[in-house]
Every structure is written in C-alpha cells, then in structure tokens.
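> Protein chains in written order, with the working numbering: chain A, 1 to 275; chain B, 1 to 275.
Honestly, the hints are just simulated from the structure, not real lab data. There may be inaccurate statements among the hints.
When chains are identical, the list treats them as one kind, so a pair holds in a single copy or across two.
[As the list claims (entries may be wrong)] Below, in silico cross-link-like pairs of lysine to any residue (SDA-like), each with a Cα-Cα straight-line distance of 25 Å or less: (1) K271 - T62; (2) K255 - A79; (3) K144 - Q131; (4) K255 - G214; (5) K85 - G97; (6) K85 - D16; (7) K255 - R126; (8) K144 - P92; (9) K85 - A95; (10) K85 - R96; (11) K85 - H145; (12) K271 - E73; (13) K144 - E157; (14) K255 - G161; (15) K271 - V186; (16) K85 - V105; (17) K144 - T101; (18) K144 - A272.
Given the structure is predicted, the values throughout are model-derived calculations rather than measurements.
Protein chains: 2
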Amino acid sequence: VSSPPEITLVNGAAADTLSTTDRGLQYGDGLFETIACSGGRARFLSLHLDRLARSCERLQITADLATIQTEIETLASGADRSIVKMIVTRGPWQARGYSFTGSEVATRIAFRFPWPAEGDTSAGVRVRTAQMRLGENAALAGIKHLSRLEQVLARAELRGGSESELLMFSSSGRLVSGTMSNVFIVRGDRLVTPRLDLCGVAGVMRRVVMREAGSAGIGVEERVVEAREIFEASEVFLTNVRLGAQPVAVLDGRKLNVGPLTRRVQELIAKAADG
Amino acid sequence: VSSPPEITLVNGAAADTLSTTDRGLQYGDGLFETIACSGGRARFLSLHLDRLARSCERLQITADLATIQTEIETLASGADRSIVKMIVTRGPWQARGYSFTGSEVATRIAFRFPWPAEGDTSAGVRVRTAQMRLGENAALAGIKHLSRLEQVLARAELRGGSESELLMFSSSGRLVSGTMSNVFIVRGDRLVTPRLDLCGVAGVMRRVVMREAGSAGIGVEERVVEAREIFEASEVFLTNVRLGAQPVAVLDGRKLNVGPLTRRVQELIAKAADG
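Whenever a hint applies, use it, and build me the whole structure from the sequences.
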C-alpha cells in the first residue's frame with residue numbers, strides 16, 4: 001500500500017488543488033510519467049522524457065520539457081528513494097467542449113511519494129488473465145495518457161484473489177500487457193514482447209530490457225503475440241520501473257519456471273540502473 | 001464559442017479547484033452529464049439521472065443521486081437558459097494506483113454555463129467522416145465517462161474546414177456516432193441508429209428520439225450499421241441535448257436531402273421538451 005504524496009507542485013508551486021476547468025479532469029486530456037528515484041536521482045530519466053516528448057507530440061500538447069526535467073530532478077534529489085509522478089495536461093479549457101485551439105498552456109502536476117513498502121517479489125508473482133479487454137486505437141497506442149478506465153476496472157478483478165497482476169488482451173485477442181506492467185515471454189533462447197501498435201503503454205522498463213538484452217547478445221522480438229503463446233512460453237516476466245523484472249511464478253493457477261533468462265534480465269536491469 | 005462557467009460547485013460548495021489526488025484527474029475515473037436547461041428547468045432530467053445511475057453501477061462508483069438531482073435542479077432554476085454539466089468522479093484516491101477499494105467517496109463537480117451563442121443549424125450542417133477510429137470495449141460502451149481523448153483528437157480534424165461535426169467509425173468499421181452527437185439514418189420509412197454495445201455514448205437525446213418516434217408510430221431500429229449504409233441513407237441527422245436533431249445537409253462534400261422524417265423528429269423533440 002502506498003502513502004499520500006509528500007510534495008505536490010502545480011506548475012512549480014506547492015499546491016494541493018487544480019482548476020476544475022483543467023482538460024486533464026474534464027476529458028482525460030493529458031499524459032503522465034511515473035519515475036523510480038534512488039540515491040536522490042531519477043532513474044532512466046532520459047527515457048521518461050523521451051516518451052513524454054513523443055506523447056506530447058502525438059496529442060499535440062506543447063509542454064516545456066526543460067522545466068519538467070528540472071522539476072523531476074529537484075524532487076528526486078530531496079529523498080533517498082522515492083516515486084515521482086509527473087502529470088502533464090493540455091491545461092485549462094479555453095471554451096467548454098472537446099475541441100482545442102492549440103494555444104492552450106499545459107499544466108504540470110508533480111508529486112513525490114515515499115517508496116512504497118512491499119514484499120520481495122523477486123521469487124515470482126501470481127498472475128491471472130483479465131476478463132477486461134483493451135480497446136484498439138492506433139492513435140493512442142503506446143502513450144501513457146490519462147484515460148485509464150480500462151486499467152482501473154481490470155484491477156477490480158484482482159479483489160479477493162491471491163494474484164498481484166493481470167495479463168490483458170486486446171479486443172481482437174492479442175496479448176498486450178499487465179494492468180501496470182509490460183510483459184515478456186521466453187521462446188527458445190529469445191525474449192518476445194507484444195508490439196504495442198494498437199493498444200497498451202510502451203513502458204520505460206520495457207525499453208530498458210529491450211536495449212540491455214540486445215546489447216548483451218540476447219535476441220529480442222517485438223511482435224504480435226497470440227494468446228496461446230503465453231501458455232507455451234518457458235518463462236514469463238513483467239516489467240515496470242518500480243519493480244524491474246518480476247518473474248511470473250503462477251499463471252492462471254499453473255506453475256511456471258523462474259528461469260535463467262529472467263534472472264539474467266534482472267542482473268542487466270540492476271547494472272543499467274546503477275550506471 | 002462557449003463562455004466560462006458562471007457557477008462551479010465542488011461537493012455542493014462554491015469552488016474553482018479540485019484535489020490533485022482526485023481519481024477523475026489521475027485516471028479519467030468518473031462520469032459526466034451535460035444537461036440542457038430552459039425556463040429554469042433541467043430538460044429530460046430523469047433520463048440523465050437514469051444514465052448516470054446505470055453508469056455509476058458499471059464503474060462501481062457509489063454516488064448520492066438524490067443530492068445530484070437537487071443540485072442540478074437548483075443550478076437550472078437560477079437562469080432562463082443554461083447548460084449544466086455534472087461530473088461525478090470516484091473521488092480522491094486512498095492510495096496511489098489504479099486499484100480502488102470501493103469505499104472511496106465520490107466527488108461531484110457541477111458547472112452552470114450560459115447557453116452558447118450559435119447560428120441556427122436547423123437547415124442542416126456539414127459533416128465529414130473522421131479518420132480517428134473508436135476503440136471497442138464492451139465494458140465502457142454507452143457510458144459517458146471522463147476518458148475522452150478519442151473525441152478530443154478527432155475534433156482536431158475539423159480545424160480549417162467548413163464542417164461542424166465528424167462521423168466516427170469503430171476500429172472494426174462500424175458506424176458509431178459523431179464526436180459529440182449520436183447519429184440516425186433513414187432507410188425507407190424507418191429510423192436506424194447504431195447499436196452502442198462496443199463503443200460510443202448512448203446520448204439522452206438519442207433515447208428521446210427513439211422513445212418519441214416509437215410512440216408516434218415511426219419504426220426505429222437499433223442495430224449494427226455498416227459504413228456503406230450511411231451513403232445509401234435518404235436522410236441523416238445528429239442528436240444531442242443542446243441541438244436536438246440536426247439534419248446533415250452535406251456529408252463528405254455530397255449533398256443530402258433534409259427530408260420529412262428529420263423534420264418530423266424535430267417536431268416530436270420540441271413537443272417532448274415542452275412537456
């Protein structure tokens with residue numbers, strides 16, 4: 001369980017509230033990044049900023065990335081370990097309605113949270129396939145936008161169970177991701193991760209794993225993954241910036257091998273985070 | 001162009017700001033209703049409340065509908081003509097993350113806007129088909145939730161053109177709706193409107209038209225509508241609570257007949273709104 005934010009900044013000033021006319025609230029019209037910080041530093045910050053920049057471009061939001069970077073770094077520097085969440089919305093509306101003019105002034109909302117207390121999951125987690133499917137829309141695929149109702153409702157499926165995460169499939173039956181993680185499967189001696197051209201969030205830790213595995217000579221395929229493939233995989237692991245690579249020990253009640261490639265990826269991530 | 005809100009109430013108290021930890025902002029985790037008010041009365045209020053109640057149930061949000069009704073009625077009574085917008089979110093988060101406990105306390109954010117100045121569109125509007133497709137998700141279909149990025153991005157396609165609305169299709173190619181309206185087509189002597197089981201918002205004016213047309217002996221079909229059917233229709237009109245039934249005079253540059261069934265529906269709506 002996580003704690004309330006220690007610090008909240010709205011456009012750089014300490015504040016706990018936001019204008020009710022902000023398009024982030026009105027229409028889910030914005031983006032966010034969740035950044036793991038340790039030793040007073042925001043880990044993989046350039047990858048977060050790169051995704052944010054691309055996502056802003058996709059949504060036609062004009063944001064001041066230099067100020068965002070400084071704000072994240074300053075928040076991170078104030079604690080040994082923390083989670084910094086940065087929301088960027090299109091800003092307050094200029095007139096009621098979905099239309100935007102392009103001259104809106106984006107809103108930054110930055111939070112610093114204490115690192116959550118949690119059990120050690122390196123031995124593996126229990127996972128179930130979700131009933132909730134993800135809608136497919138190429139225009140929104142990959143980006144970490146504020147419209148997250150699919151994930152919110154999916155998480156409710158976990159209630160009362162022993163699983164900590166769900167695997168989600170798209171409306172056309174492709175494997176996509178977890179509710180708050182990306183997924184890799186091992187086929188032979190290669191890593192395979194779903195292509196996120198129709199839905200899903202392209203996570204920063206997913207990109208780290210693809211880059212580091214590639215550099216270490218491990219084959220990585222990013223492609224369409226059919227539902228059945230996950231049940232034929234020799235190893236399955238989940239990634240996000242807080243948890244790194246989490247091996248899946250049990251999937252839909254079936255035990256899985258926490259195998260050598262997952263362990264190797266965990267080592268590569270640890271090395272990359274130190275660098 | 002619409003004006004800023006004359007009144008904003010957050011949980012019943014005058015306020016222009018909302019907690020930054022509200023799940024409406026964080027995750028698009030909430031709903032809204034936009035209500036046309038005239039003569040100091042909220043038109044079709046029971047239909048709005050009915051949709052809100054069903055939508056809250058779908059999203060597992062517990063809201064105080066009696067208080068919401070009173071608040072809408074009070075706001076409406078303070079002006080001759082106005083637009084009241086009521087947002088209901090799941091409330092402030094209890095802990096960071098998509099998961100909700102079910103014991104959150106919903107937030108109400110109510111706005112009253114002056115009725116927007118606008119040209120007379122009863123002679124028909126120009127409409128284009130949108131490039132942006134709507135993702136399909138049965139769990140979210142029909143409800144007016146806060147995750148509206150698809151509509152926001154679609155509206156940007158209208159920039160620089162002479163059209164006032166776009167027709168949107170789903171990822172699998174079905175006709176769904178406008179960006180801020182529902183759509184009816186006339187085939188023979190019957191009205192046809194897309195079934196909204198996979199995406200789209202089931203508008204209050206759509207329901208009024210279906211009810212009133214049915215009562216007046218006009219056949220109404222709610223079914224899957226393939227893209228080609230819209231080009232074979234003898235009449236096409238759009239509905240929302242502010243504009244009633246708006247005939248489509250030009251679709252993708254092709255002139256359409258503003259025909260007798262659309263005129264008949266406009267009369268039926270006017271009578272129902274008076275009642």
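> Could you run down the list of hints and mark each one as holding or not?
Structure-based check of each hint:
Taking identical chains as interchangeable, the C-alpha atoms of K271 and T62 are never at most 25 Å apart, the minima being 34 Å within one chain and 46 Å between chains. In this assembly of identical chains, the alpha carbons of K255 and A79 never lie at most 25 Å apart, being 39 Å within a copy and 64 Å across copies at closest. Taking the shortest Cα distances, K144 and Q131 sit within 25 Å of each other both inside one copy (22 Å) and across copies (22 Å). Neither within a single protomer nor between protomers do K255 and G214 lie at most 25 Å apart by alpha-carbon distance, with minima of 28 Å and 56 Å respectively.
In this assembly of identical chains, the alpha carbons of K85 and G97 lie at most 25 Å apart only when taken from different copies (11 Å versus 27 Å within one copy). In the homo-oligomer, the alpha carbons of K85 and D16 lie at most 25 Å apart both inside one protomer (14 Å) and across protomers (24 Å), since each shortest distance falls under that limit. In this assembly of identical chains, K255 and R126 lie within 25 Å of each other by CA distance solely inside one copy; the values are 9 Å within and 59 Å between copies. In this assembly of identical chains, the alpha carbons of K144 and P92 lie at most 25 Å apart whether taken from the same copy (20 Å) or from different copies (20 Å).
In this assembly of identical chains, K85 and A95 lie within 25 Å of each other by CA distance solely across copies; the values are 13 Å between and 28 Å within a copy. For a Cα distance limit of 25 Å, the shortest separation of K85 from R96 across copies, 10 Å, qualifies, whereas the shortest one inside one copy, 28 Å, does not. Taking the shortest alpha-carbon separations for K85 and H145, both the intra-copy value of 13 Å and the inter-copy value of 23 Å come in at or below 25 Å. For a Cα distance limit of 25 Å, the shortest separation of K271 from E73 inside one copy, 21 Å, qualifies, whereas the shortest one across copies, 61 Å, does not.
Taking CA atoms no more than 25 Å apart as the test, K144 paired with E157 passes in both settings, with 22 Å inside one copy and 22 Å between copies. Taking the closest pair of Cα atoms, K255 and G161 come within 25 Å of each other only inside a single copy of the chain (16 Å); across copies the shortest separation is 58 Å, beyond that limit. In this assembly of identical chains, K271 and V186 lie within 25 Å of each other by CA distance solely inside one copy; the values are 21 Å within and 65 Å between copies. When the C-alpha separation of K85 and V105 is checked against a cutoff of 25 Å, the pair qualifies both within a copy, at 20 Å, and between copies, at 23 Å.
Within a single copy, K144 and T101 get their C-alpha atoms as close as 22 Å, and across copies as close as 23 Å, so both meet the 25 Å cut-off. Taking the shortest Cα distances, K144 and A272 sit within 25 Å of each other inside one copy (23 Å), while across copies they are farther apart (43 Å).
Violated hints, listed in ascending order, are 1, 2, 4; each of the other numbered hints is respected by the structure.
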